[in-house]
Amino acid sequence: MGFDVMGTEEKLTEIIAAHRGREGPLLPILNDVQAAFGCVDPAAERAIALALNLSRAEVHGVVSFYHDFREAPDMRPEVQLCGAEACQARGVETLVSAAEAAAGDRVRLSKVYCLGLCSVGPAARVGDTVHARLNQTALVALVENA
Amino acid sequence: MIQSHPLVRIADDSLALACGADAVAAVFTATGCTVERVSSWGMHWLEPLVEIDGQGFGPATPADVPAILAGTSAKAIGPIAAHPFLARQQRLTFARAGRTRPLSLDDYAETGGWAGLKRARAIGREEVLAELITSGLRGRGGAGFPAGIKWRTVAEAPGTRKYVVCNADEGDSGTFADRMVMEGDPFLLIEGMAIAAHAVGADRGYIYVRSEYPHAIAKLRKAIGLAILHIAPFQLEVRVGAGAYVCGEETSLLNSIEGKRGEVRAKPPLPALEGLFGCPTVVNNVLTLAAVPHILSAGGAELYQRLGVDRSKGTMPVQLAGNIRHGGLFETTFGMTLGELVNDVGGGTASGRPVKAAQVGGPLGAYIPPSQFHLPFAYEQFAAADALIGHGGVVVFDDTVDMGGMARFAMQFCAAESCGKCTPCRIGSTRGVELIDRIRAPTPATADAVASLPQMHNGRKSGRSREEELQLLEDLCETMQFGSLCALGGFTPYPVRSALKHWPEDFEPKA
Ligand SMILES: Cc1cc2nc3c(=O)[nH]c(=O)nc-3n(C[C@H](O)[C@H](O)[C@H](O)COP(=O)(O)O)c2cc1C
Ligand code: SF4
Ligand code: FES
Numbered sequence: 000m001g002f003d004v005m006g007t008e009e010k011l012t013e014i015i016a017a018h019r020g021r022e023g024p025l026l027p028i029l030n031d032v033q034a035a036f037g038c039v040d041p042a043a044e045r046a047i048a049l050a051l052n053l054s055r056a057e058v059h060g061v062v063s064f065y066h067d068f069r070e071a072p073d074m075r076p077e078v079q080l081c082g083a084e085a086c087q088a089r090g091v092e093t094l095v096s097a098a099e100a101a102a103g104d105r106v107r108l109s110k111v112y113c114l115g116l117c118s119v120g121p122a123a124r125v126g127d128t129v130h131a132r133l134n135q136t137a138l139v140a141l142v143e144n145a
Numbered sequence: 000m001i002q003s004h005p006l007v008r009i010a011d012d013s014l015a016l017a018c019g020a021d022a023v024a025a026v027f028t029a030t031g032c033t034v035e036r037v038s039s040w041g042m043h044w045l046e047p048l049v050e051i052d053g054q055g056f057g058p059a060t061p062a063d064v065p066a067i068l069a070g071t072s073a074k075a076i077g078p079i080a081a082h083p084f085l086a087r088q089q090r091l092t093f094a095r096a097g098r099t100r101p102l103s104l105d106d107y108a109e110t111g112g113w114a115g116l117k118r119a120r121a122i123g124r125e126e127v128l129a130e131l132i133t134s135g136l137r138g139r140g141g142a143g144f145p146a147g148i149k150w151r152t153v154a155e156a157p158g159t160r161k162y163v164v165c166n167a168d169e170g171d172s173g174t175f176a177d178r179m180v181m182e183g184d185p186f187l188l189i190e191g192m193a194i195a196a197h198a199v200g201a202d203r204g205y206i207y208v209r210s211e212y213p214h215a216i217a218k219l220r221k222a223i224g225l226a227i228l229h230i231a232p233f234q235l236e237v238r239v240g241a242g243a244y245v246c247g248e249e250t251s252l253l254n255s256i257e258g259k260r261g262e263v264r265a266k267p268p269l270p271a272l273e274g275l276f277g278c279p280t281v282v283n284n285v286l287t288l289a290a291v292p293h294i295l296s297a298g299g300a301e302l303y304q305r306l307g308v309d310r311s312k313g314t315m316p317v318q319l320a321g322n323i324r325h326g327g328l329f330e331t332t333f334g335m336t337l338g339e340l341v342n343d344v345g346g347g348t349a350s351g352r353p354v355k356a357a358q359v360g361g362p363l364g365a366y367i368p369p370s371q372f373h374l375p376f377a378y379e380q381f382a383a384a385d386a387l388i389g390h391g392g393v394v395v396f397d398d399t400v401d402m403g404g405m406a407r408f409a410m411q412f413c414a415a416e417s418c419g420k421c422t423p424c425r426i427g428s429t430r431g432v433e434l435i436d437r438i439r440a441p442t443p444a445t446a447d448a449v450a451s452l453p454q455m456h457n458g459r460k461s462g463r464s465r466e467e468e469l470q471l472l473e474d475l476c477e478t479m480q481f482g483s484l485c486a487l488g489g490f491t492p493y494p495v496r497s498a499l500k501h502w503p504e505d506f507e508p509k510a
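Order-wise, the sequence lines are chains A and B.
Quick note: the first sequence, position 37, residue 36 per numbering that gives the first Met the number 0, numbers continuous.
Quick note: the second sequence, position 231, residue 230 per numbering that gives the first Met the number 0, numbers continuous.
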């Protein structure tokens, strides 16, 4: 995802306009802003607050509540590894150190709680692609190719 | 030998995709076969499962394709529908699983789709509410509240603006039945919601789906677009969460749709009276709403209430997960024992080692030892044993699991996901992690630095013994259980206490 400074403001205005007429527009706006820019930064918070007639504190309170929103961009590729109970029962903990080593500083290896693949874990998600029955080789390859 | 270019059916839900279904489908297509993408049968250990003329082959890899077509594959499992895992089930909600294309309106209509909605419109509101109450259907999201009573409350509430909200946040580890409905039979959920809207007089609805389910979100959006005329004037929209487990709690979920922090609201007022934007609102789980079209078909309510035991009526889509050989979706009438589910149906552990524990009902559910596997799967029976069936997830662990570690994880999860509104949950969970660490530490902790300060008059000046630490953990669990506003803080003690009770040896100091 490129951080195209020229297009940023336009894109933000476009996202806000797309959802403004809805009931409860804030969450759909934040989801789209996060997807487009990799974060919801203070400038975006300001613009959204202005458009929805909210205080910046209100918008910031919502942004800081949800795990999906980041306040600064992280442009590294992300691999989400499920760390919830069913994947633990299937041995995900034994894969973590190899995955961390493969990720280094290049890949963001994050932990999520359940991807709905609990009968075929360990499971991971990269973007909208999901992976199951991961062993060490498969997970390391996934991280390396992320 | 199979005919040269047969019709091949392969699931396209996210689980099948995660297991490599697309690659298998691509090879069949390349050999000239027609590939139809259907919903999953729910036999997850066999995915990707290939179906040709009713015969199954799985788990299939691209390399298996030539042998499958030649009729010589060792992955053959015989006729799918007769497989013991399916033959033992009673599928009402998942009647279409494996049999239809998720986004085909034709398939849906040909298999009885929209019949419940048409009949609901014909018999009128009052009769719909009466039938739902007769069926005995209880909420499948966890609390088990009678769905008919909730609907009637909303129907009778004053106000012209009412909502139907589907709780599709499915955050519990070990559960995937909501996902399978949304990805495999989305029109079923849409029909259930349209019936609810008709019954309570709502003209708008929302499906709140967790962001971890991109495939479900995409399928639902397409399905709503296709079904728009069938459900009109009811208007339905998908809303996507943002990674907060607590947003599965219904009032937190409503706040989230409203664009607020997902903090839990105090009850009363009940959402049925003051819910979304302060209007009367039905909030139901996916499985609750997906059970409705069958119940509203002719004779459906009567059949439903005849199934099950005591006050647990009808069927429950049980989800077999974790370290289990035959994991997947098992819809059965209430009353089967946990042992039958784990050992007979599930085939024990996938690792082949002895079963040590099963956690039922997600991260807030108790850990149950094999000595209690005689428990019948039903609401009251589980509650009487200090356990819950919750959303019907069963997560199996083998004897390598460290139950002290799992208890710690429960506290840690609560700390990570707490909405922060009340102290026992927000602070207690963090103290719980520290406490379990101290209990398991090789050397007992010395006096706390802050508590030892002279000005801390009530502070303890010496370290606690192990027995005292264990008592403190009991006290903390008690405080969380009775002092929390919602079940996140209130039920986290269940996994912790059950682990401590049944496996005290796993809390011994670790070298
Ligand atoms: C922390 C917490 C998480 C919950 N998560 C879910 C969930 O993911 N899905 C769900 O349907 N209900 C969940 N619930 C239960 C809901 O609050 C509510 O009882 C349910 O949506 C009502 O629908 P039902 O009557 O059809 O079960 C959760 C409750 C709590 C306290
Ligand atoms: S128990 Fe926890 S999640 Fe529930 S209201 Fe209190 S702080 Fe929020
Ligand atoms: S617990 Fe890992 S996918 Fe559900």
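Derived by calculation from the structure, the hints in this document are not laboratory data.
In this text, all values refer to a predicted model and were calculated from it rather than measured experimentally.
A portion of the hints provided could be inaccurate.
Calculated lysine to aspartate or glutamate pairs in the DMTMM-like style (CA-CA distance at most 25 angstroms, straight line) [stated by the list, open to error]:
{"hint": "1", "chain 1": "A", "residue 1": "LYS110", "chain 2": "B", "residue 2": "ASP436"}
{"hint": "2", "chain 1": "B", "residue 1": "LYS259", "chain 2": "A", "residue 2": "GLU99"}
{"hint": "3", "chain 1": "A", "residue 1": "LYS10", "chain 2": "B", "residue 2": "GLU257"}
{"hint": "4", "chain 1": "A", "residue 1": "LYS110", "chain 2": "A", "residue 2": "GLU77"}
{"hint": "5", "chain 1": "B", "residue 1": "LYS221", "chain 2": "A", "residue 2": "ASP31"}
{"hint": "6", "chain 1": "B", "residue 1": "LYS420", "chain 2": "B", "residue 2": "ASP474"}
{"hint": "7", "chain 1": "A", "residue 1": "LYS110", "chain 2": "B", "residue 2": "GLU433"}
(message) Hinted pair, alpha-carbon criterion (25 angstroms max): A/LYS110, A/GLU77. Please report holds or violated.
(response) holds, 10 angstroms
(message) Next pair to validate is B/LYS259 with A/GLU99; report whether the Cα-Cα distance is within 25 angstroms.
(response) Measuring from Cα to Cα gives roughly 35 angstroms; hence the hint is violated.
(request) Sort out whether B/GLU433 lies within 25 angstroms of A/LYS110, counting only the CA atoms. (result) holds, 21 angstroms
(request) Sort out whether A/ASP31 lies within 25 angstroms of B/LYS221, counting only the CA atoms. (result) The hint holds at about 19 angstroms.
(message) Would the hint linking A/LYS110 and B/ASP436 be met if the CA-CA limit is 25 angstroms?
(response) Given pair A/LYS110, B/ASP436 holds - Cα atoms ~21 angstroms apart, limit 25 angstroms.
(request) Sort out whether B/ASP474 lies within 25 angstroms of B/LYS420, counting only the CA atoms. (result) Since the Cα atoms of B/LYS420 and B/ASP474 sit roughly 21 angstroms apart, the hinted pair holds (cutoff 25 angstroms).
(message) Check the hint pairing A/LYS10 with B/GLU257 against an upper bound of 25 angstroms on the C-alpha distance.
(response) Roughly 23 angstroms separates the two Cα atoms, so the pair holds.
When held up to the earlier numbered hints, the structure conflicts with hint 2 and nothing else.
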